[in-house]
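Protein chains in written order, with full-length UniProt numbering: chain L, 1 to 281; chain U, 1 to 260.
Mixed in with the good hints, there may be bad ones.
[Said to hold, decoys possible] Result set (SDA-like, lysine to any residue): computed pairs, CA atoms no more than 25 Å apart in a straight line:
hint	chain 1	residue 1	chain 2	residue 2
1	U	K226	L	I111
2	U	K104	L	D240
3	U	K230	L	E116
4	U	K230	L	I111
5	U	K226	U	S154
6	L	K89	U	E220
7	U	K104	L	G133
8	U	K104	L	R110
9	U	K104	L	T15
10	U	K230	L	R110
11	U	K226	L	Q92
12	L	K241	L	H257
13	U	K29	U	E220
14	U	K104	L	A270
15	U	K226	L	E255
[Said to hold, decoys possible] According to the in silico footprint, chain L covers these stretches of chain U (three or more CB under 8 Å from chain L):
hint	region
16	119-130
17	235-245
Hints in this document: simulated from the structure, not taken from any laboratory.
Just so you know, even glycine gets a beta-carbon here, dropped at the ideal spot from N, CA and C.
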Amino acid sequence: MNHDPFHWGRPSDATYGPYNHQIAHASNVNPMARQQQQSDFPTMHTQRPMMTGTSVLAIKYQDGIVIAADNMGSYGSLMKLDNVERLLKVGQSTIVGISGDLSDLQAIQRILNDLEIDEAYDAGDDEDTIAAGLKANHVHEYLTRILYNRRSKMDPLWNACVVAGFDDEGKSFLKYVDLLGVAFASPTLATGFGAHLAIPLLRQRVDSEADVKNLTKADAIQLIKDCMKVLFYRDARSLDKYSMAVLSESDHKVEFHKNVKVEDMKWGFAKGIKGYGMPQL
Amino acid sequence: MTSIGTGYDLSNSIFSPDGRNFQVEYASKAVENAGTSLGIRTKDGIVLATEKIITSKLLVPNKNKRIQTIDRHVGVVYSGLIPDGRHFVNRGRDEAESFRSLYKEPIGIPGLLDRLGYYVQAYTCYNSVRPFGINAIVGGIDDDGPHLYMVEPSGVYWGYYAAAAGKGRQTAKAELEKLDLTTISTRDAVKEAARIIYLAHEDNKDKEFELELTWISKEETNGLHKFVPKDLLEEAIKYAEEEGDDDGSSDSSSDEEMDD
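Chain L with its partners taken away, still in its complex shape (with noise of 0.2 Å):
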């Protein structure tokens, strides 16, 4: 194996011939710019995104879901914008946590809303019940389309979403779905750093589906506040302001709570940090 970062786990020129940069630098310029070179791969688009949100956590509890999203726009290492709101309701029965790609978002915003509109002309008059209308599951797969499709194109929507909500019986519903198409479900949900850092700490309270009715809503509540605590101390891109929404399943309710800051945090340990910027005596 080439040991060089930029070649590991490449097989070597020798055997497989020189890589086709083309792959990897496919972009978005047109290609009437320069002439259209014959090329054994079609026009790809594969972005890189350039605004961007972070994790987004989700837990199920024995009467619903608690899901969380920071507020934070990050441009690379620039800490744009901190009015981001990523938790998006869809409908009665729906929250929608997006990450990754701010300008991607929008699009899903714009998308999703299309749906709720479309779906509500048909739904008479009972579009205040629980039975009416776009339940999580049908947005769920709906968004899963897109993104599949989206990727098979080699043109991504560059997001990873979790989707929280009621299904068709009232019950509750937590399913993830990203970039590449991927869908999955699980009681404990996160994108990002969140998935790195908040899963195992989500999983030590639910382990499976079994341990969701041992979960009451209050220690739920207090599970996703330590999760963002101890994301906006080890993500570089996050933020201490987030909004929550905490659904529940007996009262068809969806809670939404915005400007959230994350509380009780020891920041001593800067002080005696050597090596950046200056010493705080």
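With chain L's structure known, arrange chain U on it following the hints.
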């Protein structure tokens, strides 16, 4: 006041010697013979109502909604050929969607009506199509407040404080003129609309009907077009029936299965 077309009425888009497109006028006849519908514009909202003539006992009550929504903030009710009405609403929905995708804002009512007026008029220009057989009453709330319009088969539309179409439109218009539309609340307008539909039903009294009521109100529905909730609907029907009895008339309305 029917006059014979004598040959100029056989095709759409043909002008007669006195400058009329008879097919468009005949389309209005389809509207005149249909169930009554009306719209009221109040200070903070819109009420739409229609008299749905029940053509068969096999029809499920309260299904088969006739009043439709465009986007979230506009309601449409029509008298005449129902399929033409649905086509009209579909076009309105497409227009609203394309406006939204371009401007990221819900379409304003005058703008929507402009597009709908154009569309309906287009069907008066070619002999390969026929005009729309509906009078559509379109109401909604935008940044400038509530608006109510009515579009006719010729494509002409006007803004109204209150409008009525269909068989009982004369009765309805007479009653609507008596209302004080500058001060009436949307909630009261709902009850008046019900009363007026019941009165206008006299013109169709040999048939059974079902009342359908919708409203849009900044205060009550947050600017969204919704069907009137069951309790208010029952209150409105009660009011309508009582007022109807006070005027001493009718073997009033037949059986309404308003409970769903």
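Pairwise hint evaluation, L/R110 against U/K104, where the allowed Cα distance is 25 Å at most
holds, 8 Å
25 Å Cα cutoff - pair U/K226, L/E255:
With a Cα-Cα distance of about 23 Å, the restraint between U/K226 and L/E255 holds, given a limit of 25 Å.
Can you confirm whether the C-alpha distance between U/K104 and L/T15 stays at or below 25 Å?
Violated: U/K104 and L/T15 sit about 54 Å apart, past 25 Å.
Check, residue by residue, whether the region 235-245 of chain U contains three or more positions whose beta-carbon lies closer than 8 Å to a beta-carbon of chain L, and give the verdict.
violated (count 0)
Given the hinted pair U/K104 and L/D240, is their Cα-Cα distance within 25 Å?
Roughly 30 Å separates the two Cα atoms, so the pair is violated.
Given hint U/S154 paired with U/K226 - CA-CA distance at most 25 Å
Violated, at roughly 29 Å.
Checking one constraint from the list: CA of U/K230 to CA of L/R110, max 25 Å. Satisfied?
Measuring from Cα to Cα gives roughly 32 Å; hence the hint is violated.
Given pair status - L/A270, U/K104, alpha carbons within 25 Å:
violated, 45 Å
Below or equal to 25 Å on CA atoms is what counts here, so check U/K226 against L/Q92.
Cα-Cα ~15 Å, so holds.
Decide if the proposed pair is consistent with the structure: U/K226 and L/I111, CA atoms, cutoff 25 Å inclusive.
Judged against 25 Å, a Cα distance of about 23 Å means the pair holds.
In terms of beta carbon proximity below 8 Å, does the region 119-130 of chain U have 3 or more residues touching chain L?
Since 0 is below three, the answer is violated.
Just to be careful, I want the Cα atoms of L/K241 and L/H257 compared with a cutoff of 25 Å; is the pair within it?
Holds - the C-alpha atoms of L/H257 and L/K241 are around 11 Å apart, at most 25 Å.
Hints 2, 4, 5, 9, 10, 13, 14, 16, 17 from the list above are not met by this structure, while the remaining hints are.
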